Amino acid sequence: MKKFYNNVLGGRSGSIGVIILAILLFAILPMSLDAFRLNLVGKYLTYAFVAVGLVLLWGNSGVLSLGQGIFFGLGGYCMAMFLKLEASSVENTKIQSTPGIPDFMDWNQITHLPSLWVPFKSLPFALVAVAFVPTFIAFVVGTAMFKRRVGGVYFAVITQALALILSLGIDGNQGLTGGRNGITDLRTLLGWDIRTKSAQYVLYFACCALLIGAILLSRFVLSTRMGRLLLAMKDKEDRVRFSGYDVASFKVFVFCLAAAMSGVGGALFVLQVGFISPSLVGIVPSIEMVIFAAVGGKQSLLGAVYGTLVVNAGKSLFSETFPQLWLFLMGGLFIAVVMLFPNGLAGIFDSIGSRFKKRSLIKALPKTTEVTVVELAETGGKS
Amino acid sequence: MSETNFLLAIEDLTVSFDGFKAVDGLNLYVARNELRVIIGPNGAGKTTVLDLICGKTRATAGSIKFKNCELLGMAEHKIVHSGVGRKFQTPSIYENLTVFENLELSYPSGQSVFGTLAFRRTAEVIARIEEVAESIYLKDQLDIEGAFLSHGQKQWLEIGMLLMQNPEMLMLDEPVAGMSPAEREQTAELLKKICENRSILIIEHDMDFVSRIAHKVTVLHLGKILAEGSMAEIQNNEKVQDVYLGH
Amino acid sequence: MNPTNTSSLHYCRKVFGILLASTLATSPLFAGDFPTAKVNTTGLAVTDTEVTVGQLHSATGTMAISETGSIQAEQLAIDQINAAGGVLGRQIKVIKEDGASDWPTFAEKAKKLLVNDKVASVMGCWTSASRKAVLPVFEKENGMLYYPTFYEGLEQSKNVIYTGQEATQQILAGLDWIAKEKKAKTFYLIGSDYIWPRTSNKIARKHIENVLKGTVVGEEYYALGHTQFGSLINKIKLKKPDVIYAIIVGGSNVSFYKQLKAAGITADKQTLLTISVTEDEVLGIGGENLVGFYSAMKYFQSLQNPNNEAFVKAFKAKYGEKSVIGDVTQAAYLGPWLWKMAVEKAGSFDVDKIASASPGIEYTGAPEGYVKLHPNHHLWSKLRIGQWQADGQAKVLYESGLIEPNPFPKGYQ
Amino acid sequence: MFNIPITCATYTSEEIRSIFIMQGFAGLSLFSILLLMALGLAIIFGQMGVVNLAHGEFMALGAYMVYLCSQITANHFPAFQPYYFIIAIVVAFIVTALVGALVEWGMIRFLYKRPLDTLLATWGLSLIMQQAFRSIFGAREVTPTLPEWLMGSFKPTPTIDIPINGVFVMGLSLLLTLGVYIFMFRSRTGLHMRATVQNRAMSSAVGINTSLVDRFTFALGCGIAGVAGAAFTTIGSTGPDSGSRYIVDTFLVVVFGGAGNMAGTIVSSFGIAQGQSISEFFLEGTMGKVATLMAIVVILMIRPQGLFPSKVRT
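Residue numbers (our numbering), protein chains in the order written: chain A, 126 to 508; chain B, 1424 to 1670; chain C, 506 to 918; chain D, 2 to 315.
Because the hints were derived from the structure by calculation, they are not lab data. A few of these clues could be false.
To be verified - Straight line, CA to CA, 16 Å or less: simulated EDC-like cross-link-like pairs of lysine to aspartate or glutamate:
1) C:K711 with C:D681
2) D:K114 with A:D360
3) C:K645 with A:D318
4) C:K745 with C:E724
5) B:K1479 with A:E362
6) B:K1501 with A:D363
Quick caveat: nothing in here was measured; it's all calculated off a predicted structure.
Same shape as in the complex, but just chain A (with noise of 0.2 Å):
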């Protein structure tokens, strides 16, 4: 019990920060907001999942992908494949001219469910598929690249060019994708009606639910002696490397942590919002996904979430009033966290809290910065 107080909550200061987290997701923001609007942070909280892989990923082992919308993407159409399926029973297609299969293959000339479809008619397989794929894909990419010392700008370059021939490639299919379209109009889960308010309540909780329990996972992964190492690595690779360590696979690892997350965040969007298309998988959502991780804090679990619900209310609320101004603020907000806040959000409340957080600001604050040697110097790095 200690031990997971400690490991997994992460001691006094862990655990307040997620509590706190609990509070605001399970209460406050369901008490304050209406139906629509608390809709809108679940599908936030889905890109979460990803900023979330992303902290693992990007700020702990210093390795960005660009590409993280394919395991969003993945996850996601997995989900959606099962739902439609559900939604395209023959009473409900009878005006296609093969009733029984989703609409858009109707449209599509095809007149048989591909057999890529058919597993998908069990909900259980379609749930493992929902992080399974995800892992596998990553695996896949991760080793290939990872054991030949792939890093830094190649990985991310490749991730992206990964990402943009996955939305080509579901476009390019549309008899199995529904392309461009992404498959949409998904009902009911079991007979289960997803788009009712209580539903949406529901799956919200849900959502929240399993962000907090992806966050404490990560927690653990990182209390272990793996959190160290990871911090190791992103220093002194070699050093790593000749204390008997194989590199590449715990990247490899990290890399598809993430990706699982990613699919099941995924899904959660899709149950969410009731529709999937390749516009979530391609480049953009891919690299706006490590903006939401940056903005909080790109070492910073908790502050996934929050720099995720920032810029997307920001997003919201401003395209709403001057959709003119807002690619300008997301552009600037990119330049500033790089050049400004390095930490995001994590950063700048840590600072706040230094005197009584040293520790934790040594970590949060770039290696060179003089600062860090100041603030050591005077607490002798005693924590």
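Chain A is already provided as a structure; the job is to place chains B, C and D on it using the hints.
Coordinates of chains B, C and D only, in the frame set by chain A:
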């Protein structure tokens, strides 16, 4: 030669970078519990040899046998597990981890992906860490982050990290560079102590330090062995004096 | 894009006068005669003096290029309606939302308009993808969408009025004409890679093979935004089709026609019929690159009838002499009018009443000429073939009779 | 989706031959375009190790400059119309180079140590530039009215048409590549540039003003991007987001060729161009593109250092 009672047997080792041969047909044998020092002018290929042994650089030709098993083509972490420890020229430790954590990461068990997840800080781990910390004179600094150790202390810490793995062969690249005379003293002691049950391969420039620790000295020049023998022999070797001590 | 200076408002009034003359006797009605409680039983945003409608297009992102025209046309129509006393004596207030060319955003904004703003109707969407994304929302929240774009059909909803043509209306007559005029037997079908071009080409292929007894010698799709058509052009040269049937949209258009011209494929040697090039696109492509090619549309800016002349005049007065009007822009302009007429026919803003009142509505004031709403919520409309001139305007060579909308054409699926 | 046109009907050998010639040419012109796009990036990414995701927007900026010039010419000196294009290219170069220098001074120079951060910051920059284009030039895609002599095609034989704009772009990219090469390897500034790449500290020690060199290098890269954009107007239109359409291809070309290696960039753009135009000839459009990209990525996974690994790992 297939079987050998040498701990490390390097034969016809060659590596060339776009035609330039950094190491050229090198033959080098290190016995068990031997402390061997490699000297040589800059660009002689000293560091490259260590890189080749620990797998950092891939050889063009030749063979490196450690305990009669071929190291060439083996993955770095496997080489480490087979008992080779390597210290880098510039002290390479984890700046933002404490001395304790630095040592702990080098603890040789639980180094697989899931091993690290399952790893627990047991009493014996702690005992081992303290023992090593003791021997590298850092017992009182266990909670300090690596970043705030003196240059010399960092050198020691890295040696300590190697000791944690308890390797049969230790390769040290200029271990006393940037150390105060006093620290050199202590380092010399340390090395004498630790080579009792293992071999050590050292690259060093500081001649009187070498003469104090070396069992045997190898002089490299342009990737080839120029001379090999006791310090005394080496010092009286005019070939060596020409290329090296001469200037 | 917003209501402008008095002079042009005055203009609108004058124009509206003309339109009024041409419409049926829709004499201004007074709110007093229609107590809010009676005309709004479903809690829409309707007061004694005002009714709120939503406008949902992409003001930013890739689609902004195409949707700007629709935004302008809808605003113009709404201004004119307000100038003439509004709907059931209530002024129309518009809430503009930006779909940002992003389908999830469209769905999100649609939901906001319906759930939070309780708008009486929504003018909006352009791409099929955006419509598909919002359709479930409209059906769930029971809203009313006026959708302006010519599209692939295969859809019919109580909650959508399609003011553009569905595929068969736009395709069949055009093919018949080209086959007759040019004695065309072989066709090469090209499209951007999404549902509309694919479905349209499917219908075209069936018509060519089954009705015209011609052959399709090639059918290809390129990703939106594709700019390299060298290989395609070579294939075309190899196949030497009588007609190139092109449904390329967006930026690719420009590259495609420029490269065609550069490769020496011009109207004097090759017949090309497209259903995706309107005056809007020509602005980008440049008339000189299209001279002699044909477009099949229900509307061209150059149409000569009093309605259209007044419309074009008003549009240019509001948005500048340089502005052009394409098929979709005109269709978007119909939206608010058709809604107004439906409301007044139903005597209520309730979506259900409007939906059932809409079929049978006839609008003689449309710039494209007489249109009539079919029970399937699409418009009876004519098809016209225009030949592009260097000045970016089309010379209308052919005009069909009124064509019945048939979103689920038998024998074409 | 696999249709091989040749087999669809019977053709004279004459026709087949000319198709192959024209197909080869299509590949060549795609090659010269990719090369133009990649050249600037090869300098910025390859030489400086800066990941400039706004590169595409610099191309768009160049294209817009040409559009501007064409508007001015059309409105004020219509007589000048046939020749303005050449001037426009120069203008495009200068303007983009200046903007580039500005960006380097205001942003990039603080980030040389943090490539990944540069990547994010420049993405932000690209968003801002896109919206700026939209606000200034409008959301519509624009095309400059090109001089007639650019738009035609000449026919060596009755069945072969060689588009002149293709030839023009090809010539331009050839010229530019040559220029860059000479500049990099024959001029003093070029020497400084390479020196700075190899060893910043040393270079500044021997009195090279490295920060100035950096600014210059970045500006040069952007300038070339501008020219690429200008060339683009001959084959495509320019919209606020045109740039973002090319950025990935451009990066792949450079990475594929092996960053920091001119020859590599040239070879890879040639390979990719031919690969794409051939796969497009035999496969159907979209999938042709997918196939090409996929091939590149797979090859990069097997051989991450690219075709010609550069001596200096950036």
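Results of checking the hints against the structure:
Using a Cα cut-off of 16 Å, the hinted pair C:K711 and C:D681 holds, with the two alpha carbons roughly 13 Å apart. The suggested pairing of D:K114 with A:D360 holds, with an alpha-carbon distance near 14 Å, which does not exceed 16 Å. Our distance criterion of 16 Å between C-alpha atoms is met by C:K645 and A:D318, whose separation comes to about 11 Å. Only pairs whose Cα atoms come within 16 Å are accepted, and C:K745 paired with C:E724 is accepted, the gap being roughly 13 Å.
As the CA atoms of B:K1479 and A:E362 are separated by approximately 12 Å, the hinted pair is consistent with the 16 Å bound. Distance check on the hinted pair: B:K1501 and A:D363 sit about 14 Å apart at the alpha-carbon level, within 16 Å; holds.
Violated hints for the displayed structure: none, as all numbered hints are satisfied.
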